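Chain A is fixed; fit chain B onto it per the hints.
Residue numbers (the working numbering), protein chains in the order written: chain A, 187 to 412; chain B, 6 to 221.
Careful: at least some of the hints might be erroneous.
To be verified - Reference listing, derived: stretches of chain B covered by chain A, where coverage requires no fewer than 3 residues with Cβ under 8 Å from a Cβ of chain A:
id, stretch
1, 48-59
2, 89-95
3, 121-128
4, 152-160
Just so you know, these hints were derived from the structure itself, not from any lab.
On a predicted model such as this, the values are computed, not experimentally measured, just so you know.
Heads up, the beta-carbon is just placed ideally off N, CA and C, and yes, glycines get one too.
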Amino acid sequence: MSPAPAPAGRPYGRAAFLLVVAGGLSSLAWASPALRLLDSLLPGGAKALLPSQGWRIYTIGDSMPRFDPGTWRLRIDGLVRRPRELGYDELLRLPRAEQTSDFHCVTGWSVGGVRWAGVRFRDLLALTGPLPQAHALRFVSAENPYEDTLTLAQALRADAMLAYEMDGQPLSRPHGAPVRVVMPAMYGYKNVKWVERIELVAHPRDGFWEKLGYDRDAWVAHSNGA
Amino acid sequence: MAPERTIRRFSRTERALHWAHATAFFVLLGSGLVLYLPRLSELVARRNLIKDVHLYTGLAWATLIALLLVLGLGHGLRETIRELERFDADDLRWLLRRGGRAGRFNAGQKLNAIATAAFAVLFAISGFLLWYGERDTRFRLANTILLHDGLMYASLVLLAGHLYLSLIHPSTRHALRGITHGTVDAEWAGRHHPRWAALAEDPTRDSLVCEEFRNG
Chain A
187 MSPAPAPAGR PYGRAAFLLV VAGGLSSLAW ASPALRLLDS LLPGGAKALL PSQGWRIYTI
247 GDSMPRFDPG TWRLRIDGLV RRPRELGYDE LLRLPRAEQT SDFHCVTGWS VGGVRWAGVR
307 FRDLLALTGP LPQAHALRFV SAENPYEDTL TLAQALRADA MLAYEMDGQP LSRPHGAPVR
367 VVMPAMYGYK NVKWVERIEL VAHPRDGFWE KLGYDRDAWV AHSNGA
Chain B
6 MAPERTIRRF SRTERALHWA HATAFFVLLG SGLVLYLPRL SELVARRNLI KDVHLYTGLA
66 WATLIALLLV LGLGHGLRET IRELERFDAD DLRWLLRRGG RAGRFNAGQK LNAIATAAFA
126 VLFAISGFLL WYGERDTRFR LANTILLHDG LMYASLVLLA GHLYLSLIHP STRHALRGIT
186 HGTVDAEWAG RHHPRWAALA EDPTRDSLVC EEFRNG
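So here's chain A without its partners, still in its complex pose (with noise of 0.2 Å):
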């Protein structure tokens, strides 16, 4: 082919590649308060649209554990008075608590509303008699080697529990089915799902992301870089 003719037209196009970039690294400020905007604005229906909205599922493994209530149990050791196995049927008996929260993932999702049922860990840890240096509770997940660990003040709060409902069901398998840690004004990493043993220890240490540079005390908007 012969040289191309002079260029015609003006390159608006480069402009509008430009503005497109711009307008999307500037969202890195504004997209948030943006989506909260546009939440509250469109009706119930279109909500649903909106990106980013709802559960992520995040694991750690190959495949998520299995619940089987026949053989389920939940240890309860370590620096007790009387270290405990709980079947599913003896944790749903203990006294029941409710709450709705907020869930805050560090990666910048959040799911409003949460209706969670469980068993504040002042019941749960009154069954065992922490010994006077307990200071932290240590959750192990099934998921190996997922773990974390909150102190026991932190346990201790009205709004933390040992969860088996989610939104009216029975906790699924995706959300830690049967028992999870919930843990509102943390991110959702110390909110361990798939629990299956709760050790007393006397001091917090690292669990799975904490040994990756993750905050141990997660506070929600004042932690990990927050």
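Chain B in isolation, oriented as in the chain A frame:
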């Protein structure tokens, strides 16, 4: 039947760029949806594996596109980019549905290419931040995931239009041949891209077409 006359629409470099991007896009979309949609996450469950697939496909995609761009600039890609980014009176008429004789790319195709390129840059930046933010909290911004998700939604809209026009719509789907074989039917080109077809078939008309451009 008269033998089909064809003219060349896409060079090897252009086709390689298109298919490298398309292939990576589908792998990234598939693996990304598994990471994003709870039902798929539960079904596949092997999050680490899918994360790796997503990450390494993203890396391979960015490397390949960068390489093809750099190597291709000397092989006509510079001219292609110039064609894509320039808009003239004909493009405006085309967009307003008031005629407008298209060149090798009509105004819609130019906009699609520009949006795709801008999205690619934003996907790469937000993807890098998602990956690196897991390693260094200073780079974990609360909105990165929103940007990455929003781009996915916007890209799906573009993709739906692109697939409809290239695979289904009867009068435009012949264009698929251009991006697979490189050539298109001359008569089709004359109808859909008259300014370019005239030039491609008869390079001596350069001056004439130039004149047309200036008057346009």
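Hints, one by one, checked against the model:
no.: 1; hint: 48-59; in the structure: holds (count 5)
no.: 2; hint: 89-95; in the structure: holds (count 6)
no.: 3; hint: 121-128; in the structure: holds (count 5)
no.: 4; hint: 152-160; in the structure: holds (count 6)
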